[in-house]
Amino acid sequence: MFLHDFLHLPVRLHLTACYSLLSTRQGPQVALTPAAQARVFKYEGASGLPRGLRMSLNLVIVLCLTAVLGPTLVHTLCSGSTDANKVRLSIKTALGDEAYDWDESEMFLFKATIAFAMRKCNKKQYEVSNIQVCNATQRVSFWFVVTDPKTEDLVSGKDVEKAVRMSRNRINSAFLLTDKTLEFVNIPPTLAAPVKPATPPWLIVFGVVIGLVGAGIAAILISTFIQKKRERGGIKEREEDEEEEAGQRNGVFCTVQEGADSNINPGFIEDDPFTKL
Amino acid sequence: MKLTLPNPGLDDRIPSHQQLEKLEVEEAADRPKWDNKAQYLLTCVGFCVGLGNVWRFPYLCQSHGGGAFMIPFLILLVLEGIPLLHLEFAIGQRLRKGSVGVWTAIHPYLTGVGVASMLVSFLVGLYYNTIIAWVMWYFFNSFQDPLPWSHCPINANKTGLVSECARSSPVDYFWYRETLNTSANIEDAGGLQWWMVLCLLCAWTVLYVCCVRGIETTGKAVYVTSTLPYVVLTIFLIRGLTLRGSVSGIKFLFIPNVNELLNPSTWLDAGAQVFYSFSLAFGGLISFSSYNSVHNNCEQDALIISLINGMTSVYSAIVIYSIIGFRATERFDDCLGTNILALMNTFEIPEGNITESNYKDVLQNLNGTFPEIIQDLQLKTCDLNTFLSQGVEGTGLAFIVFTEAITKMPVSPLWSVLFFIMLFCLGLSTMFGNIEGVMIPLQDLNVIPKKWPKEVVTALICLVSFIIALIFVQRSGDYWLALFNNFAGSIPLLIIAFCEMVAVVYLYGIDRFNKDIEFMIGHKPNIFWQVTWRVVSPLVMLVIFLFYFIIEVTKELTYIAWNPDSVNFPTLDTLKYPGWVYAIIFILAGIPCLVIPATALFKFIRNCCCKKEHDHEMDHISTVSSKIEMNDNVRFT
Numbered sequence: 001m002f003l004h005d006f007l008h009l010p011v012r013l014h015l016t017a018c019y020s021l022l023s024t025r026q027g028p029q030v031a032l033t034p035a036a037q038a039r040v041f042k043y044e045g046a047s048g049l050p051r052g053l054r055m056s057l058n059l060v061i062v063l064c065l066t067a068v069l070g071p072t073l074v075h076t077l078c079s080g081s082t083d084a085n086k087v088r089l090s091i092k093t094a095l096g097d098e099a100y101d102w103d104e105s106e107m108f109l110f111k112a113t114i115a116f117a118m119r120k121c122n123k124k125q126y127e128v129s130n131i132q133v134c135n136a137t138q139r140v141s142f143w144f145v146v147t148d149p150k151t152e153d154l155v156s157g158k159d160v161e162k163a164v165r166m167s168r169n170r171i172n173s174a175f176l177l178t179d180k181t182l183e184f185v186n187i188p189p190t191l192a193a194p195v196k197p198a199t200p201p202w203l204i205v206f207g208v209v210i211g212l213v214g215a216g217i218a219a220i221l222i223s224t225f226i227q228k229k230r231e232r233g234g235i236k237e238r239e240e241d242e243e244e245e246a247g248q249r250n251g252v253f254c255t256v257q258e259g260a261d262s263n264i265n266p267g268f269i270e271d272d273p274f275t276k277l
Numbered sequence: 001m002k003l004t005l006p007n008p009g010l011d012d013r014i015p016s017h018q019q020l021e022k023l024e025v026e027e028a029a030d031r032p033k034w035d036n037k038a039q040y041l042l043t044c045v046g047f048c049v050g051l052g053n054v055w056r057f058p059y060l061c062q063s064h065g066g067g068a069f070m071i072p073f074l075i076l077l078v079l080e081g082i083p084l085l086h087l088e089f090a091i092g093q094r095l096r097k098g099s100v101g102v103w104t105a106i107h108p109y110l111t112g113v114g115v116a117s118m119l120v121s122f123l124v125g126l127y128y129n130t131i132i133a134w135v136m137w138y139f140f141n142s143f144q145d146p147l148p149w150s151h152c153p154i155n156a157n158k159t160g161l162v163s164e165c166a167r168s169s170p171v172d173y174f175w176y177r178e179t180l181n182t183s184a185n186i187e188d189a190g191g192l193q194w195w196m197v198l199c200l201l202c203a204w205t206v207l208y209v210c211c212v213r214g215i216e217t218t219g220k221a222v223y224v225t226s227t228l229p230y231v232v233l234t235i236f237l238i239r240g241l242t243l244r245g246s247v248s249g250i251k252f253l254f255i256p257n258v259n260e261l262l263n264p265s266t267w268l269d270a271g272a273q274v275f276y277s278f279s280l281a282f283g284g285l286i287s288f289s290s291y292n293s294v295h296n297n298c299e300q301d302a303l304i305i306s307l308i309n310g311m312t313s314v315y316s317a318i319v320i321y322s323i324i325g326f327r328a329t330e331r332f333d334d335c336l337g338t339n340i341l342a343l344m345n346t347f348e349i350p351e352g353n354i355t356e357s358n359y360k361d362v363l364q365n366l367n368g369t370f371p372e373i374i375q376d377l378q379l380k381t382c383d384l385n386t387f388l389s390q391g392v393e394g395t396g397l398a399f400i401v402f403t404e405a406i407t408k409m410p411v412s413p414l415w416s417v418l419f420f421i422m423l424f425c426l427g428l429s430t431m432f433g434n435i436e437g438v439m440i441p442l443q444d445l446n447v448i449p450k451k452w453p454k455e456v457v458t459a460l461i462c463l464v465s466f467i468i469a470l471i472f473v474q475r476s477g478d479y480w481l482a483l484f485n486n487f488a489g490s491i492p493l494l495i496i497a498f499c500e501m502v503a504v505v506y507l508y509g510i511d512r513f514n515k516d517i518e519f520m521i522g523h524k525p526n527i528f529w530q531v532t533w534r535v536v537s538p539l540v541m542l543v544i545f546l547f548y549f550i551i552e553v554t555k556e557l558t559y560i561a562w563n564p565d566s567v568n569f570p571t572l573d574t575l576k577y578p579g580w581v582y583a584i585i586f587i588l589a590g591i592p593c594l595v596i597p598a599t600a601l602f603k604f605i606r607n608c609c610c611k612k613e614h615d616h617e618m619d620h621i622s623t624v625s626s627k628i629e630m631n632d633n634v635r636f637t
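Protein chains in written order, with my numbering: chain G, 1 to 277; chain E, 1 to 637.
The set of hints was computed from the structure by calculation and includes no laboratory data.
Hints are supplied without guarantee of correctness; some may be wrong.
[Claimed, not checked] Listed below are the simulated DSS-like cross-link pairs for lysine-lysine, each with C-alpha atoms no more than 25 Å apart in a straight line:
#1 E:K360 x G:K236
#2 E:K450 x G:K229
#3 E:K380 x G:K196
#4 E:K33 x G:K228
#5 E:K451 x G:K236
#6 G:K228 x E:K360
#7 E:K454 x G:K228
#8 G:K92 x E:K22
#9 E:K450 x G:K236
#10 E:K450 x G:K158
#11 E:K408 x E:K450
Model the full structure from these sequences, guided by the hints.
In structure tokens form, the structure reads like this:
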């Protein structure tokens with residue numbers, strides 16, 4: 001029951017309470033928060049209690065010891081250690097309606113993926129118990145530390161960072177999240193190297209457009225050339241016809257208007273190009 | 001007012017009504033003609049509807065009181081735009097010549113007006129086609145996913161994003177660095193940017209291909225370039241209205257603020273917008289309408305084109321602001337999202353507890369209990385109206401704001417391609433009119449030998465323009481373009497338009513003009529045209545010109561520059577122009593204006609000096625031969 005209570009309330013306050021409880025019995029003075037001091041006072045005042053109550057109190061102390069000894073170590077590591085890493089998850093932002101709830105199993109998965117990442121990096125046999133988590137909040141953020149499987153020492157922050165970077169993709173996809181929504185606060189994501197194509201795409205489009213334009217200019221110039229050639233050919237034919245006609249008359253060239261019909265006096269239609277009034 | 005200035009010899013310089021009838025029947029082959037009415041209307045619509053309709057009008061509308069801006073815009077459209085348009089159409093159709101020919105025919109001393117039109121067309125064409133080159137660059141870069149302006153590039157040692165981009169935004173970086181590679185000020189010219197030179201070359205060659213034989217080829221091209229923008233605008237309207245937040249943009253655009261009507265700058269901007277939007281005084285419209293048949297109903301054309309132009313402005317304003325509304329909403333959501341994330345991370349609040357609706361309350365709560373922490377967070381204030389009124393105009397709208405909005409839409413490359421094709425078509429169809437306004441006066445002035453084919457003349461114009469336009473593809477090119485935009489295409493046009501009105505109404509004679517229009521379309525122009533041509537329109541032009549002139553002269557000459565090393569970065573710096581810019585401004589604005597009196601003076605002096613030599617030739621012999629032109633066109637039957 002007590003342990004259950006311990007799990008629900010902020011871990012720090014409870015750990016401080018237990019610690020202070022232990023310290024009053026064991027000796028070394030520890031700085032207490034006002035709330036903890038109040039509790040200590042309350043418990044200290046219990047020295048004059050009846051025997052049954054004293055026994056249950058001892059039980060509480062023993063339970064505290066066991067419950068606290070382990071987490072106490074972590075408590076100092078989590079908040080004070082430079083080797084601890086903070087993790088922040090934004091599940092609702094990433095998945096919207098399909099967001100899952102963060103519970104014990106998810107935390108277990110997280111520890112497992114970190115252990116996997118450490119194994120991949122260091123080639124040592126890390127277990128789930130080597131990953132210690134604390135200070136979990138409703139935000140879904142928490143701190144974690146990694147202990148060496150053989151020596152139980154803390155693995156340095158740099159090694160953890162290296163392992164996480166190596167398997168970042170795998171860790172992200174285990175939770176259906178991305179670099180932004182599964183944040184390792186002290187481990188910035190590596191930027192993807194940009195894909196540079198051999199020729200910039202814009203040059204290709206430019207080439208196509210210039211090619212079309214060039215073809216257009218060529219087409220127009222050729223058509224102009226052909227038109228001019230045809231005109232010149234047509235004029236030459238007409239000149240040959242006139243030469244024949246003029247040869248029948250007195251040799252003076254007289255250009256005849258097209259569409260002239262017999263009602264029109266040809267003498268008045270065209271001006272002789274050599275004699276202007 | 002029956003005031004008409006003396007104008008001797010006018011009848012000798014212009015074709016009479018009988019000659020016009022004859023021309024109509026004979027179908028003179030040496031003058032180009034429209035294949036059909038649709039070609040003519042599409043070419044004029046294409047010339048009038050340009051980039052200004054898309055990126056100047058929406059900004060003016062929103063910044064001058066939204067829906068209320070329609071009132072001065074429509075009033076000035078009716079009083080200033082339509083009369084001037086009808087005048088240019090009618091005079092071109094009557095005298096059947098380009099701008100230099102028309103004004104020379106009205107009075108020889110007025111040749112300067114045509115020359116000024118040509119110079120302005122040339123200068124505007126230079127920088128307008130550079131904008132088209134920029135549009136082509138963005139078009140070429142749209143064929144990739146993700147779009148290059150959607151993310152910042154990574155710096156050289158791969159440790160993070162490029163600093164200039166990280167401090168401003170990917171779209172800003174792509175525009176100022178990867179497109180323009182802009183220098184910090186106009187004195188620092190930098191070199192030619194090879195990618196921009198290629199795009200400029202592409203722009204001028206495309207223009208050459210479309211204009212190579214004058215209206216023979218442009219007449220075919222306008223079937224695409226004048227209609228495609230409307231198709232794309234409709235596609236964007238449908239896409240825009242289905243996006244979240246678009247309606248707030250449209251509401252923001254049209255919510256009227258009637259107090260703005262009391263502000264004189266609203267009316268000035270409306271008048272200027274109407275005037276520049278109609279591409280008047282460039283000479284292109286006169287040329288285009290001179291290829292019409294004599295009895296074409298130019299009054300109806302003027303009304304149709306004015307209506308189409310006005311409605312296109314309003315339509316594109318709706319489309320643009322629906323997309324801007326979407327962008328503003330996205331920015332607002334991003335801003336709010338960042339703030340909420342910061343609060344969640346600092347106070348370990350579970351996700352979903354802070355939403356848009358309770359953000360303010362939660363913030364107030366937290367501010368009450370932990371004020372220092374909140375202060376340290378430095379949360380930005382997110383206001384939708386601020387994002388909406390980041391209303392930009394000009395190149396900023398097209399290349400920064402709109403491209404950013406496109407990156408947020410699904411299937412961005414498609415929208416990008418469509419958008420830049422639309423801008424390209426809008427710009428190209430306007431350039432057709434500019435090239436026409438340069439080529440025909442050159443022919444009329446006999447500067448070009450007559451035996452040179454049209455293809456060679458067009459090639460020469462495009463080549464010379466391309467070489468001069470290389471100043472715009474240097475690193476300081478954007479600053480030069482802003483200079484040209486402000487001075488080449490503003491004051492001279494107002495003066496030319498004023499001279500046009502005065503020349504037609506008082507030198508040509510409003511009575512003669514009325515009779516001409518009666519001959520051409522069958523009825524005399526009604527009282528509305530009389531009043532506007534004689535009094536109202538010249539007065540409006542004069543007022544706009546005076547105000548513009550006073551504002552330009554009194555305001556300090558500054559320009560905005562992009563400088564990554566500046567203290568205010570990413571806000572643009574305001575710098576003063578160096579001294580030699582005044583010489584450039586004189587060339588851009590002063591020379592076209594001074595050409596008008598200078599040509600008149602030149603012709604006057606030439607007349608006076610050579611008068612003695614020509615005196616004995618002035619006595620005409622009254623014979624048949626001197627009265628009737630003896631050439632191939634005369635028939636005695």
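Hint check:
| no. | hint | result |
| --- | --- | --- |
| 1 | E:K360 x G:K236 | violated, 91 Å |
| 2 | E:K450 x G:K229 | holds, 20 Å |
| 3 | E:K380 x G:K196 | violated, 36 Å |
| 4 | E:K33 x G:K228 | holds, 20 Å |
| 5 | E:K451 x G:K236 | holds, 20 Å |
| 6 | G:K228 x E:K360 | violated, 79 Å |
| 7 | E:K454 x G:K228 | holds, 13 Å |
| 8 | G:K92 x E:K22 | violated, 82 Å |
| 9 | E:K450 x G:K236 | holds, 23 Å |
| 10 | E:K450 x G:K158 | violated, 83 Å |
| 11 | E:K408 x E:K450 | violated, 55 Å |
Going through the hint list in order, the structure does not satisfy hints 1, 3, 6, 8, 10, 11.
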